[in-house]
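Respectively, the protein sequence lines represent chains Y and Z.
Using this note's numbering, read the first sequence as starting at 1 and increasing by one per residue.
Using this note's numbering, read the second sequence as starting at 1 and increasing by one per residue.
Keep in mind the hints are simulated off the structure, nothing from the lab.
If you're wondering where the values come from, they're calculated on a predicted model, not measured in any experiment.
Note that beta-carbon positions come from the ideal geometry of N, C-alpha and C, so glycine has one too.
Some hints could be false.
[Claimed, not checked] Here are some, though not all, of the chain Z residues that point toward chain Y, as calculated from beta-carbon distances under 7 Å:
#1 G50
#2 I53
#3 I78
#4 V84
#5 W104
[Said to hold, decoys possible] So these bits of chain Y aren't anywhere near chain Z, every CB distance computed over 10 Å:
#6 E42
#7 F73
#8 V132
[Stated by the list, open to error] Here chain Z is said to cover these stretches of chain Y; the calculated rule only asks that three of the stretch's residues, wherever they fall, bring their Cβ under 8 Å from a Cβ of chain Z:
#9 180-190
#10 235-248
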Amino acid sequence: MRRGVGRVVLFVLVLAVLWGLWEGYRWLWMREAWTWPFVVDETSMPHLHSIFQALWSSARPGGVGPRLITILFHSALFTAKEAAVGFALGAVLGFCLGALLAHFRILARGFLPWVVASQTVPILVVAPMVVVWLNPKLPGRFQDWGAVAVIAAFLTFFPVTINTIRGLHAADRRALELMRSYAAGNWRILWKLRFPAALPYIFAALKVSATASVVGAIIGELPSSIQDGLGGQIINYSQYYTTQPTGLWATNVIAAALGITFFLIILVAEKLVVRRAPENVA
Amino acid sequence: MSVVQIKDVTKRFGETTAVEGIDLEIEPGEFVSLIGPSGCGKSTLLRIIGDLIQPTSGTATVNGKPARQARIDRDYGIVFQDAVLYDWRTVSKNIALPLELARWDRRRRVDKVKEMLELVELSGFENHYPWQLSGGMQQRVSIARALSFDPALLLMDEPFGALDEMTRERLNMELLQIWEASSSTVVFVTHSIAEAVFLSTRVVVMSPRPGRISNVISIDLPQPRTATTREEPHFFELVTAVREALHLGHDLERAPV
């Protein structure tokens, strides 16, 4: 309980410091009229409070219509659906691929370079191709957003594959001898020893992937011209940036909040699933 | 019929010869310690009996079967220097692991785990996780796990080597009680002369490079051993005999050929 209170205090403190840095930088650069690395004014760095103000006021100039935060919340839900499906897809595929490559070392030698290569291709190049290839094949329910989920999965699977391979080889040598002494088959060694021993590694990857899947979903929305998600909102507000910079900043805040939410869900799942000596947590 | 029968076993790892020309027979109910300096191949020999490694030449037989068949039939339980408990399993679940692998049904598993917990005096700790226990308690869980499926043979690789002297002596007593209660055969690898003499019916002294059996000493101390056994003059005589056998092995090694 006391530790919980301490964490909240720390969180608020860090938030205050970051807030102070932003406003302090802004104030100093504007007063001295410094132009390096960029000119600071209401457009490039709006007040933080005006960003949050924009969230609570109407999205359209004139003050009629729903609040910006309501609109962005619905966009975030849409993007969350894409990201969640993509994450699940990527995590399952990533694990299966990792398990396969961990088991057949020859396969790993042959395939791993290509798996790595797949990740060096910029997602902005891959995304339009996936949309063009996949969209015509998708059944009506998955039209458009299904392709985006696949793009999110593309960013998700890689860390999971790499850490699954690492984790499945992480079991203690003695623990493996013990399994051998019980005449356990490969399949049971996998489920009773290798997989549980790999879980901390897999969760470390899932935490990276959880945020990556949100980024993947947002980027995937751009070439598929989906208007319902955060990607659509980012395109929309970047067009109005010079006249209304707070809109884009507010969208950023919501996108970050979505990424953090994904991360926290995995963190909680890890706490529930992984039972490990405090000193052995990977 | 011997529980363990080793005939002319040699094991090489590449250029190094770990053990050479080992012959050893162990009868049912014996408690045999393998003792010797580091590198004498005592752990290698134990692993050959358990079919965790295979000899380069010679044969190892357990319960009249080739070691491999004995392993597949789960004829032995093994205890390592580290308890090697699975972090993600509770004490009960750790003890039940070999039973799960042997496909015992749930009811039988629960009953057996309860019985084993009583045997190693850990009742009340069934839902603890391994890291919540002391080193001595962890090793007791590991012994309970090795004995849970009633193997005829118990292989122990320096099981108390990482524990402090007090815990070690207490676990020695407990191990003897368990050995008597379960009427199993024990092969015990150790560095400690006193421990070997106190526990064993026979001490096998090994010498290094290459690992050979240099002497076998029968321990004719009365059974059951008690806390006062360690204070008997004959205990000290036997400790001295084992110590001299060990030194002789060393001297032989250094003697010019």
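Hints violated by the structure (numbers, ascending): The structure conflicts with hints 2, 5, 10, although it agrees with all the remaining ones.
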